[in-house]
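Per the numbering used here, the sequence shown runs over residues 1 to 306.
Treat the hints as calculated values from the structure; they're not laboratory data. Nothing here was measured: the structure is a model prediction, and the numbers come from that model. Mixed in with the good hints, there may be bad ones.
Unchecked claim - Here are the in silico distance ranges between beta carbons for each label pair:
id: 1; residue 1: G30; residue 2: S197; range: 38 to 44 Å
id: 2; residue 1: P276; residue 2: I104; range: 35 to 41 Å
id: 3; residue 1: T62; residue 2: V266; range: 33 to 39 Å
id: 4; residue 1: Q255; residue 2: S132; range: 34 to 40 Å
id: 5; residue 1: I31; residue 2: A83; range: 32 to 38 Å
id: 6; residue 1: T234; residue 2: H77; range: 22 to 28 Å
id: 7; residue 1: L28; residue 2: A108; range: 17 to 23 Å
id: 8; residue 1: T234; residue 2: V266; range: 35 to 41 Å
id: 9; residue 1: P276; residue 2: K174; range: 38 to 44 Å
Each residue gets a CB set at the ideal place from its N, CA and C atoms; glycine is no exception.
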Amino acid sequence: MKVITSGSAYLDIDAYACCIAYAELLNLQGIPTRAVSSAKPNASVSKTVLGWGAVLDDYRPTSSDEFVLVDVSDYHHFDPMVALDRVVEVIDHHPGFENHWAQILGAAADIRPIGAAATQVFQRWKASGWLSRISEQSAALLATAILDNTLNFTGQMTTAADIDAYAELAPHGKLMADWPEQYFLECQATIESDICSALAADLKRMKPDSLLPQVSAQMTVWDADALLERHRSTINDWMAGQGDDWLLNLICISQRKSCLLAEPVVSQQKLSRLLPVEWQAGLAALKPSILRKELLSLGLNANSGG
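I would like the entire structure built from these sequences, with the hints used as guidance.
Laid out in structure tokens, this is it:
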């Protein structure tokens, strides 16, 4: 049995979609596969998305199962069910572990800069000749993951492949033209209904030698200014409870910007070394918007002298 899974901390829409859609493809090809996760979906897997009925499998891996990792390649953050010596494929778009997996898996390690891992899974559907058989749910999941991870195609890592993938998947998933706005508004409503849980559900702790703030949270919403007006004090208090070096990257889809919230001066100083930003009372705006994985790339490049 192949077990497709992702990271340990949370399951965002990209990981969720990739697990389910890739498992569907492999099963169609006659390869017994299960999509499994110990982590819970975060706010990017909205109520409408959950209502589509595509779910992860209730399956406990055995000692003979092989593992496929999607939307993650840092083995420090793999789902705890994963046995590293039985990882047979990695599909990811986060930087840092390309060489590690290339040495172990060769061509079975597909780690490259692209807007969404969902696009990489779509490309497998396309290349296999099975795309006409993709379920409506899997197509809609992959398309929505592309929307989310490319920031509605405004993100700096968006590629032509992401745009083309969405254009093909949206009709299969029966997504309407207003789906992007509906989706991001729905995610924002979920986030605002429990802001602290939303922060916890997309929080990463960086390595001690990282040039980025040690604690980094990220949210993608339709209207960041409105959210900050309503919840900034709560966010400040909760993030301060996680440590004295922190960042919230609040991505605003409607205004195509990132609102970087970092109250600690040390955190502001770290970010100012990497980005052309001006801080006002712990807040800086960056256009176009930037993803945390892009911040991570900036930090890695600066660390290596690149």
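Each hint, compared with the structure:
1. G30 with S197: 38 to 44 Å: holds (40 Å)
2. P276 with I104: 35 to 41 Å: At roughly 38 Å between Cβ atoms, I104 and P276 fall inside 35 to 41 Å, so the hint holds.
3. T62 with V266: 33 to 39 Å: violated (47 Å)
4. Q255 with S132: 34 to 40 Å: 38 Å Cβ-Cβ, so the 34 to 40 Å window holds.
5. I31 with A83: 32 to 38 Å: Violated, at about 19 Å.
6. T234 with H77: 22 to 28 Å: holds (27 Å)
7. L28 with A108: 17 to 23 Å: About 19 Å separates the Cβ atoms of L28 and A108, which means 17 to 23 Å holds.
8. T234 with V266: 35 to 41 Å: violated (22 Å)
9. P276 with K174: 38 to 44 Å: Check passed, 42 Å falls within 38 to 44 Å.
Going down the numbered hints, you'll see the structure goes against 3, 5 and 8, while the others check out.
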